[in-house]
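Below, each chain spelled out in residue letters.
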Amino acid sequence: MYAYDEIDRTLVNERVSEFRDQVQRRLSGELTEDEFKMLRLQNGVYLQLHAYMFRVAIPYGTLASNQLRALAHVARKYDRGYGHFTTRQNIQFNWIKLSDLPDALADLAEVGIHAMQTSGNNMRNVTSDQWAGVAPGEIEDPRIWSELIRQHTTLHPEFSFLPRKFKIAITASDHDRAAIKVHDIGLRLIRNEKGETGFEVLVGGGLGRTPFIGKTIKHFVHGRDLLSYIEAILRVYNQYGRRDNIYKARIKILVHELGIEKFSREVEEEWQQIRYSSLQIDDEVIEDIRSRFIYPAYEKLPHMPDELRQAAADPEFEAWRKNSVAAHKNPGYSVVTISLKPIGAPPGDATAEQMDALADLADKYSFGEIRVGHEQNLALPHVAKRDLPALWKALDKLGLATPNVNLITDIIACPGLDYCSLANARSIPIAQELTRRFANHELANLIGRLHINISGCINACGHHHVGHIGILGVEKNGEEVYQITIGGRADENAALGTLIGPGVKFDEVADVVEDIVEAYLALRERPEELFMDTVKRLGVEPFKERVYATR
Amino acid sequence: MTSPLQQKLKITGPSVVTANRTWDGVVVYRTAAKGWSVELTDAAIVRNSDEAKALLAEAVADDVGAIGPYIAPVQVDDAGKILPGNLREQIRRDGVTIGLPV
Numbered sequence: 001m002y003a004y005d006e007i008d009r010t011l012v013n014e015r016v017s018e019f020r021d022q023v024q025r026r027l028s029g030e031l032t033e034d035e036f037k038m039l040r041l042q043n044g045v046y047l048q049l050h051a052y053m054f055r056v057a058i059p060y061g062t063l064a065s066n067q068l069r070a071l072a073h074v075a076r077k078y079d080r081g082y083g084h085f086t087t088r089q090n091i092q093f094n095w096i097k098l099s100d101l102p103d104a105l106a107d108l109a110e111v112g113i114h115a116m117q118t119s120g121n122n123m124r125n126v127t128s129d130q131w132a133g134v135a136p137g138e139i140e141d142p143r144i145w146s147e148l149i150r151q152h153t154t155l156h157p158e159f160s161f162l163p164r165k166f167k168i169a170i171t172a173s174d175h176d177r178a179a180i181k182v183h184d185i186g187l188r189l190i191r192n193e194k195g196e197t198g199f200e201v202l203v204g205g206g207l208g209r210t211p212f213i214g215k216t217i218k219h220f221v222h223g224r225d226l227l228s229y230i231e232a233i234l235r236v237y238n239q240y241g242r243r244d245n246i247y248k249a250r251i252k253i254l255v256h257e258l259g260i261e262k263f264s265r266e267v268e269e270e271w272q273q274i275r276y277s278s279l280q281i282d283d284e285v286i287e288d289i290r291s292r293f294i295y296p297a298y299e300k301l302p303h304m305p306d307e308l309r310q311a312a313a314d315p316e317f318e319a320w321r322k323n324s325v326a327a328h329k330n331p332g333y334s335v336v337t338i339s340l341k342p343i344g345a346p347p348g349d350a351t352a353e354q355m356d357a358l359a360d361l362a363d364k365y366s367f368g369e370i371r372v373g374h375e376q377n378l379a380l381p382h383v384a385k386r387d388l389p390a391l392w393k394a395l396d397k398l399g400l401a402t403p404n405v406n407l408i409t410d411i412i413a414c415p416g417l418d419y420c421s422l423a424n425a426r427s428i429p430i431a432q433e434l435t436r437r438f439a440n441h442e443l444a445n446l447i448g449r450l451h452i453n454i455s456g457c458i459n460a461c462g463h464h465h466v467g468h469i470g471i472l473g474v475e476k477n478g479e480e481v482y483q484i485t486i487g488g489r490a491d492e493n494a495a496l497g498t499l500i501g502p503g504v505k506f507d508e509v510a511d512v513v514e515d516i517v518e519a520y521l522a523l524r525e526r527p528e529e530l531f532m533d534t535v536k537r538l539g540v541e542p543f544k545e546r547v548y549a550t551r
Numbered sequence: 001m002t003s004p005l006q007q008k009l010k011i012t013g014p015s016v017v018t019a020n021r022t023w024d025g026v027v028v029y030r031t032a033a034k035g036w037s038v039e040l041t042d043a044a045i046v047r048n049s050d051e052a053k054a055l056l057a058e059a060v061a062d063d064v065g066a067i068g069p070y071i072a073p074v075q076v077d078d079a080g081k082i083l084p085g086n087l088r089e090q091i092r093r094d095g096v097t098i099g100l101p102v
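Going line by line, the protein sequences match chains A and B.
Residue 42 in our numbering sits at position 42 of the first sequence; the count goes up by one each step and never skips.
Residue 87 in our numbering sits at position 87 of the second sequence; the count goes up by one each step and never skips.
Among these hints, one or two may not hold up.
Said to hold, decoys possible - Capping the alpha-carbon separation at 35 Å, the derived lysine-lysine pairs in DSBU-like fashion look like this:
hint, chain 1, residue 1, chain 2, residue 2
1, A, Lys536, A, Lys218
2, A, Lys165, B, Lys10
3, A, Lys476, B, Lys8
4, A, Lys505, B, Lys10
5, A, Lys97, B, Lys34
6, B, Lys81, A, Lys165
7, B, Lys81, A, Lys97
8, A, Lys77, A, Lys364
9, B, Lys53, A, Lys165
10, A, Lys37, B, Lys10
11, B, Lys34, A, Lys536
12, B, Lys34, A, Lys248
13, A, Lys505, B, Lys81
14, A, Lys476, B, Lys10
15, B, Lys53, A, Lys300
16, B, Lys53, A, Lys37
17, B, Lys10, A, Lys97
18, B, Lys8, A, Lys37
19, A, Lys476, B, Lys81
What the hints assert, rightly or not - Now the in silico label distances, taken between C-beta atoms and shown as ranges:
hint, chain 1, residue 1, chain 2, residue 2, range
20, A, Gly539, B, Val64, 53 to 59 Å
21, A, Ile246, B, Ala61, 24 to 30 Å
22, A, Lys77, B, Asp77, 38 to 44 Å
Rather than coming from a laboratory, the hints here were simulated on the basis of the structure.
Being a predicted model, the structure only gives us computed values, none of them experimental.
Backbone N, C-alpha and C define an ideal beta-carbon position, used for all residues, glycine too.
Excised from the complex, chain A in its bound form (with noise of 0.2 Å):
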């Protein structure tokens, strides 16, 4: 966990009253909702179809025991008893009224949690992989640095007033759970063949619209110069970027337009002219920030307790563990995943008791720590393994304990047009359907990884682009229609995935999933040929024949 300083709490504290203030304006009619509207959304507020929308942020992912419990209070005291967790790592409230705003705020600041960062063209939270800091043959915590480009940019002025909004994600594993590649800006913590510690950096990736792949601008650049460079690049961007056309503002436009040659040419100019500069950071500042972090103390235990054996003559706590549970860097420990997808729910939604009761266990099995991962399911990232079989058996008590991670039920969905004004389908009840179609967890485990991301609108918040099966809905002639489209990823062999045909109705798309899944079963070559790999072999043509044959 990341200790705040004084400097924070004030930082947080005074922007709560300055927010209440401008509440104040505004309901009295001294500020009309055009003055209001860009300081409502510097401190997360939008408005959505049924009522105010309350995004709170969640640095890099990581809550403490106290500050998920402030989230708990905040979802029964000021909304309807539940929140919903996004694939930015932040946590949404969906019924808030404006008036409870700043005491919510004020709730929230208690614990130094904030709404800075969640929206607004300004740089957004800094997300990062939900297991940094545990999982083993990282090169060291991305958080460190998530923290220092969080410390940064807040609020900076340089930064507060872009054309379009921007967002970081930094990994430092080889395998890539923080989607690096669709991001504004990927940071890929690596070492040079000094042992320095530095980033690859990559620019220009994003989905909604128009999706590209974000590329390499810059194969090493060392950690004291990541901020410098890191301005560069924004500079280039406050620059050249477009704001005239909403649909060309972001940073991936810009780079696809200029070309990934020009724009580092352009970069490295403005960089050198800023890179020996008070940008450049002090081996003990970051020093400072590592020393903010508090781990866990660690004891020694054994990597495979009698706790753990003996249950897993239980097939049900071997399913779950199977699939949610992960190696941690230290052996006797693990990082537990907990699935936001049961059968049937809402993907990436938690209720207020669900929320406090995990806090209960975090501090019971996880010194307290809680994180949030893009796949809007949380982690446990300190369990020891002789604890597993007990949190297995509470988090079952709490509906907590579908074994579904990574499997085709454990689906990323935007709110769609249930809740958001900028839909124009419906996602959570394709999201549903699905998982009841694939309730069966023989079935599921069968199949094997195979990620679905649901979009209800061209904006891409479900990642569709990058769904092994995306699904993105439009409408047509006043009806929902989907898009799918097969073969995308996330991870560090990023791809975006290729429509397969026409779009079908609301009610087809659980039958053209489950044609696509069934034509994979009897294309896959072995049972442990995954879904993409059998995209790649084959291409998109199979499945698509299969889809469309009888339609």
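On the provided structure of chain A, position chain B as indicated by the hints.
Just chain B now, with coordinates in the frame of chain A:
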């Protein structure tokens, strides 16, 4: 951005002006009595672009009462009952189409 009042309004059937109430965000409809109601059945119906523009102008002027007013299509059945004209408006009136977690 073009003001809603300057936009061309193409009305193809009966329509209402809807928005979200400022203090709590709840869906509201502009009434003939120059107020807002949470009931679609209370909404003032407009049937041509001049009527729509006038109703919208009145709604926009009440910035403290509600935000983001726009023209939404409706259907009026034989008994005169007003119904949402599309799925989006149906969801805004009736709420989400899914069961809430609590």
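Hint-by-hint comparison with the structure:
no.	hint	result
1	A:Lys536 <-> A:Lys218	holds (29 Å)
2	A:Lys165 <-> B:Lys10	holds (33 Å)
3	A:Lys476 <-> B:Lys8	holds (22 Å)
4	A:Lys505 <-> B:Lys10	holds (28 Å)
5	A:Lys97 <-> B:Lys34	holds (24 Å)
6	B:Lys81 <-> A:Lys165	violated (44 Å)
7	B:Lys81 <-> A:Lys97	holds (30 Å)
8	A:Lys77 <-> A:Lys364	holds (25 Å)
9	B:Lys53 <-> A:Lys165	holds (33 Å)
10	A:Lys37 <-> B:Lys10	holds (27 Å)
11	B:Lys34 <-> A:Lys536	violated (61 Å)
12	B:Lys34 <-> A:Lys248	violated (40 Å)
13	A:Lys505 <-> B:Lys81	holds (29 Å)
14	A:Lys476 <-> B:Lys10	holds (19 Å)
15	B:Lys53 <-> A:Lys300	violated (73 Å)
16	B:Lys53 <-> A:Lys37	holds (23 Å)
17	B:Lys10 <-> A:Lys97	holds (33 Å)
18	B:Lys8 <-> A:Lys37	holds (24 Å)
19	A:Lys476 <-> B:Lys81	holds (27 Å)
20	A:Gly539 <-> B:Val64: 53 to 59 Å	holds (58 Å)
21	A:Ile246 <-> B:Ala61: 24 to 30 Å	holds (27 Å)
22	A:Lys77 <-> B:Asp77: 38 to 44 Å	holds (41 Å)
Taken one by one, the earlier hints fail for this structure at numbers 6, 11, 12 and 15, listed in ascending order.
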